[in-house]
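Chains as they are written, first to last, in the working numbering: chain Y, 1 to 485; chain B, 1 to 485.
Among these hints, one or two may not hold up.
Copies of one chain are not kept apart here, so a pair can be met inside one copy or by any two copies together.
As the list claims (entries may be wrong) - Below, computed lysine-lysine pairings styled on DSS-like, alpha-carbon distance capped at 27 Å:
hint : residue 1 : residue 2
1    : Lys117    : Lys427
2    : Lys201    : Lys445
3    : Lys427    : Lys445
4    : Lys178    : Lys417
5    : Lys117    : Lys417
6    : Lys40     : Lys465
7    : Lys465    : Lys117
8    : Lys417    : Lys445
9    : Lys201    : Lys417
10   : Lys417    : Lys40
Because the hints were derived from the structure by calculation, they are not lab data.
Treat the numbers as computed from the prediction; the structure is a model and nothing was measured.
Protein chains: 2
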Amino acid sequence: MTRKAAIIGGGVIGGGWAARFLLNGWDVAVFDPDPQAERKIGEVLANARAALPALSDVPMPAEGRLSFAGTITEAVEGAHYIQESVSERLELKHRVFAQVQQVAPGVLIGSSTSGFKPSQLQENAADPGSIFVAHPFNPVYLLPLAEVVPSPANPPEAIAQAKEILREIGMFPLHIRKEIDAHIADRFLEAVWREALWLVKDGIATTEEIDEAIRMGFGLRWGQMGLFETYRVAGGEAGMKHFMAQFGPCLQWPWTKLTDVPEFNDELVDLIAGQSDAQSGHHTIRELERIRDSNLIGFMRALKDRNWGAGRVLREHDERRRAAFHDGEATGAPLVMAQMQVLPGWIDYNGHMTESRYLFAASETSDAFLRLIGSDMDYVASGFSYYTAESHILHLGEARLGDRLTGTLQVLAADEKRLHIFIRIMKGEEAVATIEQMLLHVDMKAGRTVAAGAHVLDRLMPIAKAHQALPRPEGAGRFTGQRKG
Amino acid sequence: MTRKAAIIGGGVIGGGWAARFLLNGWDVAVFDPDPQAERKIGEVLANARAALPALSDVPMPAEGRLSFAGTITEAVEGAHYIQESVSERLELKHRVFAQVQQVAPGVLIGSSTSGFKPSQLQENAADPGSIFVAHPFNPVYLLPLAEVVPSPANPPEAIAQAKEILREIGMFPLHIRKEIDAHIADRFLEAVWREALWLVKDGIATTEEIDEAIRMGFGLRWGQMGLFETYRVAGGEAGMKHFMAQFGPCLQWPWTKLTDVPEFNDELVDLIAGQSDAQSGHHTIRELERIRDSNLIGFMRALKDRNWGAGRVLREHDERRRAAFHDGEATGAPLVMAQMQVLPGWIDYNGHMTESRYLFAASETSDAFLRLIGSDMDYVASGFSYYTAESHILHLGEARLGDRLTGTLQVLAADEKRLHIFIRIMKGEEAVATIEQMLLHVDMKAGRTVAAGAHVLDRLMPIAKAHQALPRPEGAGRFTGQRKG
């Protein structure tokens, strides 16, 4: 049964939550009194649809149904999970919780609050044990982190359930065991922000110089290891204690201004906003969002290739999705197995995507399918594998820089030893290439064709059966040079 | 003429500088009284050799000559640039500068100091105007940032020259206009470090939880945009002023502990070192270094694909190297055009690299060569391009997970319209595949073969001529199925 999430507050953060739930197959009801909410959520959702599937190697589930509720009561009715992302005003959050708990007692309510402690959120609540902090990071539909902060009032089972839901939508719930103002990550952000404001105010550096100081150096380190693991490596063979001894004395040196905060006034705001315009004003916010998302996809795919950090979260999420898929999502439609964007490095000197990248796109598609049916790395390590015996490529259109491509796969026929597939590389509704392939299942040691393992066939055959209902593709069964019609 | 860099202090940072200079073709003399210095530098250099070339699409220059000097005097003799990376003790640095300037007056001396201001470094120096801060970030051979901090004593021409040298070795010199303790980036690191020590000491979070809070969220953002650009995007349509107004009040809230610092004692050191062991102790430092470098390569290649941030620095560095190459580096040897590592996503279900990735490796190699001779994106935009008419692939060996591959290119023949090349995909000294290709130069609008532009031929022909001296490859000129010998 499709579950329902209620999203209270539909700004950038609420919209990001809505997109994450929807793209992971949940129905979503949004409540936000802002008359612009529907448009704003639509824009976040458009970004998310273009980005999140590019991280997945498993077919995305059917998108859930999005609705806009006129009241909180309507939004939370029948909800299995509620996420609150209204403004950072405690009395407003209390009012929201009171209304929610009148109609949805006992349903988990995660709060996106950056700063409030869960015990503050729970004050005077009808059911304090259902209210906790689930603090995400923008863009919510891409970044895995959600800080989960309970108070002693939350039953452990409730928090375990909340973490499970967050994992289901691809997040990394970081359980913070003691509540504290601003949780963990935002304390670092606040420290850096305060220091940055001083540097700008004192004319030491501009916003652009500060951004370069971050992204050309330690920012690159922090996307893959954090503070301590980075320093552990920097300490080298001498180890963490040596590193700390070396930098211990600095604690007493005037290396930060953080014993004080700058006065927040119009002058400071103008200074920073002006510098930011000079730095980034040649891009619209929409452009910057797309650039950011594309960069994040690149980082996260690089980590996924290496099974490290956020990439490991992506792999684990795929694993869950794979299980869900075999639990009954197989339908009579070609499977969407790969999502790609044509990057500058993919296009050749004739201005369109290189031939090798079409083959690459096809192998991304078939590889993902083989993983889906259990012919994965472990299976290969056990000595068995599918081997491509024959391929036929039909070039039907052109892909150009920036185009988003989808690789779909249809099983034409399958038996114990053979797998006959048809791959379409789609640009929107248009197939730019099709690749028909015959794969043979081999015993690698014996060097001969053998029947695939039972667990592979158990997954493959229901899909093959469902695909028999599909029309046979026009391009299938051709020989090279054959005339059409 | 090969230039010489003197590296005073050969730890992790000094070793990283040495590697960067060497791999960019400079001779390097290292002075470090530590009897282990040679071994330590050798290990950093091995890491750098495995990593830095993977970021380049232009042939690396011949590596410079590395020597170990017995005295500072010997190290700096004839040096064109000197980098000091000794311990953070001001009187030690002063002593080094005094010795250096006795024998090498007027030669630029960059200091890797994390904290001292240039005016402090310059105190009592014979030539204060040659001494400045060039603060790098570990790993120095990969991360582009170098904070360049002058004092009023430094002539602007000297600092301009220093920045030029840093750009030549692929770095991003960030000119910091006003000197300040700890420059810019380390002030942020120190602020985060102080806050992190509190969180661990107070038992709010472990080192591992803190690292996850960073790398699953804002760390990913900061590798590609910094603090201000990230917040500009987060502010959405309402803009930077709105964002600041929203978070302005937090400045007065207790969101950081940074009005105070924790006492630095054995207890705190043991607590943190113990947690770090639990978190990362299952990897050796060498393993962590390789994991970090591989992740950084993934991030930086992703940014290079997108021409953004550190990736733009890589592209600009390639552009410089390309110019240097045509100024006389063309030699009678196949050109090393591409460096790749076989990632988990590249291997197929038979355990070795997929066929499409061999073609991909070949096209990475030929694409880089075409860019080298000026047939780049701008050239294509002007309506001309090389087009692959024919390819012959010979599979000679196997590439497996983690293997490092090199794509070399030999020009077999070239005239105005045709380019006949031979690509080897090398695993160490062994060719795992060769790809022979005939490329035709086309006028894309007219749809016919035409002579290439003069600037392309001017670059191509000297290489083709130099390559005529090379033996014709055994695998060239074969037809499919032809017997050997």
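Here is what the structure says about each hint:
no.: 1; hint: Lys117 with Lys427; result: neither (47 Å within a copy, 56 Å between copies)
no.: 2; hint: Lys201 with Lys445; result: neither (69 Å within a copy, 55 Å between copies)
no.: 3; hint: Lys427 with Lys445; result: between (40 Å within a copy, 24 Å between copies)
no.: 4; hint: Lys178 with Lys417; result: neither (56 Å within a copy, 71 Å between copies)
no.: 5; hint: Lys117 with Lys417; result: neither (58 Å within a copy, 71 Å between copies)
no.: 6; hint: Lys40 with Lys465; result: neither (42 Å within a copy, 61 Å between copies)
no.: 7; hint: Lys465 with Lys117; result: neither (53 Å within a copy, 72 Å between copies)
no.: 8; hint: Lys417 with Lys445; result: within (16 Å within a copy, 48 Å between copies)
no.: 9; hint: Lys201 with Lys417; result: neither (70 Å within a copy, 60 Å between copies)
no.: 10; hint: Lys417 with Lys40; result: neither (51 Å within a copy, 54 Å between copies)
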